[in-house]
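Work out the full structure, taking the sequences as your base and the hints as a guide.
In case you want the letters, here they are:
Number of protein chains: 2
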Amino acid sequence: MLSKNQFKHLRSLRSKKNRYACRQFIVEGETIVGELLNSLDNRIQLVLCTSRYQQSLSTQALRQLGERLILCDESVLRGISSLDSPSPVLALLDMPRETNEITPTRGLGLYLDGIRDPGNLGTIIRVADWFGLHTISLAADCVDVYNPKTLQASMGSFSRVETRVASLKSIQAAQPDLALLGTCIDEGIDALEFDWPADALLIIGSESHGVRSEHESAISHWLSIPRGKTSTGAESLNAAVAAGILGAAYFRSCR
Amino acid sequence: MLSKNQFKHLRSLRSKKNRYACRQFIVEGETIVGELLNSLDNRIQLVLCTSRYQQSLSTQALRQLGERLILCDESVLRGISSLDSPSPVLALLDMPRETNEITPTRGLGLYLDGIRDPGNLGTIIRVADWFGLHTISLAADCVDVYNPKTLQASMGSFSRVETRVASLKSIQAAQPDLALLGTCIDEGIDALEFDWPADALLIIGSESHGVRSEHESAISHWLSIPRGKTSTGAESLNAAVAAGILGAAYFRSCR
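So the sequence lines, in the order shown, correspond to chains A and B. Take any residue in the first sequence, note its place counting from 1, add 32, and you have its number in this note's numbering. Take any residue in the second sequence, note its place counting from 1, add 32, and you have its number in this note's numbering.
Bear in mind the hints are in silico, worked out from the structure with no lab data behind them. It should be emphasised that the depicted structure is a prediction, and the values quoted were computed from it without experimental measurement. Be careful, since some hints might not be right.
Each pair may be met inside one copy or between any two copies, as identical chains are not told apart.
Derived lysine-lysine pairs resembling DSS-like cross-links, with alpha carbons at most 30 angstroms apart [unchecked claim]:
no.	residue 1	residue 2
1	K261	K40
2	K201	K181
3	K261	K181
4	K181	K48
5	K49	K181
6	K201	K40
The following block contains the structure:
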């Protein structure tokens, strides 16, 4: 049974400050928790679920979890969840160890220059997982990777893609010859015809302001996704959709 | 001032049934309403906003709106809104007239085979607007175009992209020679190398089940977006991201 203190602790993880204070976070949803049981078992501290969900678990999963599995009512899960529609299962995980080391980017890396929408960040992590991108670096003002909506939108990809909070300057200092590519709405080179360098850091701007002007001088090429000829007024593409198109363009160019 | 009956009516439009019963819907958000004032003025029935927002409106917009502009407190807007963070302005609009006529698809059309997430639908509408796609056809079990989260994610693109609820059969009956292209996760033709037909209907499957099996026999080509070589486990791409990559691939092939 879940103790009052455990409930309070889990509920407190809705706040980013508390997540980082104890370096734990919560993942919700049947598909994602199911995936984690297979891949990240050693980081799972607790699994809370309804007795109905428990019945769907394999004997192996049940044995593996042992006392880490706690049954509870939907109302308890709802009290902990920060999603609109709470799921019948959630898991408490330890964050991976933090490191200040900046490993060099091989292949295509992404730098998110202030992505604020948790759904966009999660979807970009999913894009990076699909294309096997090296690392996602996040400017300090990006939304938190462990935000429940980010984790949900990533569909489990957060457990396979390395993310790090880093300034563009520190990445440049660690790897001065890395090509930095900027993205802009119009007037850049057509990303689908661009001859991409094998190693590059692609900078995706924030939803409302694009790439920060302080980074402009560091950028060697600006890329755009051309509109259709019959387009009549769209101002921009969603940041995650743009990341997907650019990722596809990179892999096409490298083949 | 907003009457009690007006408030009740506006609030009732949170339900799809009520929206279609009176063929009206609500749009929220400063950017979107700002765009609508410029482009769709004749469909706007009311604009509700805080006095602070009113100050940001041009004299022309104020004159144009006249008595259709109603000032109200944030609490009233919150009472009507169905978004997590209500904005200082919302507009009541008439739906465009419904037509049963199926106009032939020229260029690339999209058929959404059961998209359930309102954010995904809105983002796909934005993709279609960017690429200037002809029409989006929706299977009857798609989420509603006038769902507030769909409209918000479309960023105003809903006013420029034609959408229609239609069965695949009715589209085929109206245009028997139209190429139907299916999308699948693996094993399809690489969409980025495909020689796209000039006119085609691209079928995007639902988030959880893909393209319905009953449509398989009608499909002439299956397309996929290849994973990166270093991808280690992503199961799929987000439906709107996939639509964006496929749209970009189409336009690249047609250039």
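- Message: Within, between, both or neither: how does the pair K201, K181 come out at a Cα-Cα threshold of 30 angstroms?
- Response: Classified as within; 29 angstroms inside a copy, 37 angstroms across copies.
- Message: If the cut is 30 angstroms between Cα atoms, do K261 and K40 qualify within a copy, between copies, both or neither?
- Response: Classified as neither; 55 angstroms inside a copy, 44 angstroms across copies.
- Item | Identical-chain pair category, K181 with K48, by Cα at 30 angstroms | both (12 angstroms within a copy, 25 angstroms between copies)
- Message: Within a copy, between copies, both or neither: which one fits K201 and K40 at a CA-CA cutoff of 30 angstroms?
- Response: neither (39 angstroms within a copy, 54 angstroms between copies)
- Query: Should K261 paired with K181 be assigned to within, between, both, or neither, using CA atoms and 30 angstroms as the limit?
  - Reply: Classified as between: cross-chain Cα gap 28 angstroms, same-chain 35 angstroms, threshold 30 angstroms.
- How would you classify K49 and K181 at a CA-CA limit of 30 angstroms: within, between, both, or neither? Both ways: K49 and K181 sit 16 angstroms apart in one copy and 28 angstroms across, limit 30 angstroms.
Violation of the numbered hints given earlier is confined to hints 1, 6; the remaining hints are satisfied by the structure.
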